[in-house]
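Following the UniProt record's numbering, the numbering of the sequence shown begins with 1 at its first residue and continues without gaps.
Certain hints may be false.
With a cut-off of at most 20 Å between alpha-carbon atoms, the simulated SDA-like pairs for lysine to any residue come out as follows [said to hold, decoys possible]:
#1 Lys231 - Ile161
#2 Lys214 - Lys242
#3 Lys153 - Lys225
#4 Lys260 - Tyr270
#5 Lys153 - Lys177
#6 Lys242 - Arg143
#7 Lys153 - His174
#8 Lys153 - Lys218
#9 Lys185 - Asn144
#10 Lys231 - Tyr270
#11 Lys292 - Phe261
#12 Lys218 - Arg143
#13 Lys242 - Ile193
#14 Lys204 - Ile176
Simulated from the structure, these hints should not be mistaken for laboratory data.
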Amino acid sequence: MPLNRAQPKKDHASSLSLEQNLTDTALDQTSNETICSTPKFTIRNLKRRRSESDSDVKNFISEMRLMFQELQAKQSETIEKLCSTVDDLRSSVEFLAEKYDLLASKYEKLETDRKEDLNHIKMLEDALERTEKSSRATCLEIRNIPTQSAESKNNLLNTVINTGKALNLDIQPHEIKDVFRIKTKTLDRKTIIVDLTSVILKEKIISAVRRFNKGQNKLTTEHLKIQGPAKPVFISENLTTKMKRVFFLARDYAKTNDFKFCWVSHGRIYLRKREGGPLIQISGESDLSDLKNQK
1 MPLNRAQPKK
11 DHASSLSLEQ
21 NLTDTALDQT
31 SNETICSTPK
41 FTIRNLKRRR
51 SESDSDVKNF
61 ISEMRLMFQE
71 LQAKQSETIE
81 KLCSTVDDLR
91 SSVEFLAEKY
101 DLLASKYEKL
111 ETDRKEDLNH
121 IKMLEDALER
131 TEKSSRATCL
141 EIRNIPTQSA
151 ESKNNLLNTV
161 INTGKALNLD
171 IQPHEIKDVF
181 RIKTKTLDRK
191 TIIVDLTSVI
201 LKEKIISAVR
211 RFNKGQNKLT
221 TEHLKIQGPA
231 KPVFISENLT
241 TKMKRVFFLA
251 RDYAKTNDFK
261 FCWVSHGRIY
271 LRKREGGPLI
281 QISGESDLSD
291 LKNQK
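Throw the hints in and build the complete structure from the sequences for me.
Put into structure tokens, the structure is as follows:
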């Protein structure tokens, strides 16, 4: 009896187990369908999106390639223009450089020629100066003698002889090679040039004039027996044109710089600051410039 009663429970359990199995089977089937269907949908969308993305990339690349090609073409054109301009500039610079070198060479040659010409001119001037000094070595200047009417060389010769007598010198006519007047600013008192036969006689006359002017009243026209009011008479060496200017500048320099002495001897100009001081020979304007720069 008890065995018959337990049988229904077993059947109930079996029934529950069967239902559970059916339910699990249905769930498994549903799950499998879901798993199978979901990947198919995702892959399809991914393929579509990848295809669209690839197309966009290709379009972008094409556009970029086209843009770079255009840019490259413009740059090539610009570079060609720049190269052409640079070539033109290079040609111009080379042309100017050649011209500059040519001009520099010509300038250098002209400068060299100029220096040679200046040296040659100076050499000629020095030679001319020496010749003039030599030709005037025996000449004296007598200034401030009034001009006589119808004046002749004999009148001038007598004036020179009378000058010698006033200085206690016996000057003979044969000791005078020539005597004449030169043009000056004062037409009525033109300078007399006396060309003597020797430098020794010239120096004697110069020394006598200095002694005369130191010992008594300075030499005047009255001492030379010239009629009219007494006028001072100046006797000096006959300097060249160049040395006359240098002597004028030297005297001016001596006055402005407290030099006591400025004189000419044997065609040379000398300065001396004070009695017993050193002699300074002035051969040209450059010597005076050197003295000014030493101050």
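Now the hints, each set against the structure:
1. Using a Cα cut-off of 20 Å, the hinted pair Lys231 and Ile161 holds, with the two alpha carbons roughly 18 Å apart.
2. Proposed proximity of Lys214 and Lys242 is contradicted: the alpha carbons are some 29 Å apart, above 20 Å.
3. A hinted pair counts as satisfied when its Cα atoms are at most 20 Å apart, and Lys153 with Lys225 qualifies at roughly 17 Å.
4. Distance hint between Lys260 and Tyr270 is fulfilled; the C-alpha atoms sit about 11 Å from each other, no more than 20 Å.
5. A hinted pair counts as satisfied when its Cα atoms are at most 20 Å apart, and Lys153 with Lys177 qualifies at roughly 11 Å.
6. The hinted pair formed by Lys242 and Arg143 meets the criterion: a straight-line CA distance of about 19 Å does not exceed 20 Å.
7. In summary, the hint linking Lys153 to His174 is supported, as the alpha carbons are separated by about 14 Å, within the 20 Å threshold.
8. Our distance criterion of 20 Å between C-alpha atoms is broken by Lys153 and Lys218, whose separation comes to about 26 Å.
9. Taking the CA atoms of Lys185 and Asn144, the gap is near 12 Å; set against the 20 Å cutoff, the hint holds.
10. For a cut-off of 20 Å, the pair hint linking Lys231 to Tyr270 is broken: about 28 Å separates their Cα positions.
11. A threshold of 20 Å between alpha carbons decides the hint, and for Lys292 with Phe261 the separation of about 17 Å falls inside it, so the pair holds.
12. For the hint linking Lys218 to Arg143, the alpha-carbon distance of about 14 Å falls within 20 Å, and the restraint holds.
13. Proposed proximity of Lys242 and Ile193 is supported: the alpha carbons are some 17 Å apart, at most 20 Å.
14. Only pairs whose Cα atoms come within 20 Å are accepted, and Lys204 paired with Ile176 is accepted, the gap being roughly 14 Å.
Hint compliance for this structure: hints 2, 8, 10 are broken, all remaining hints hold.
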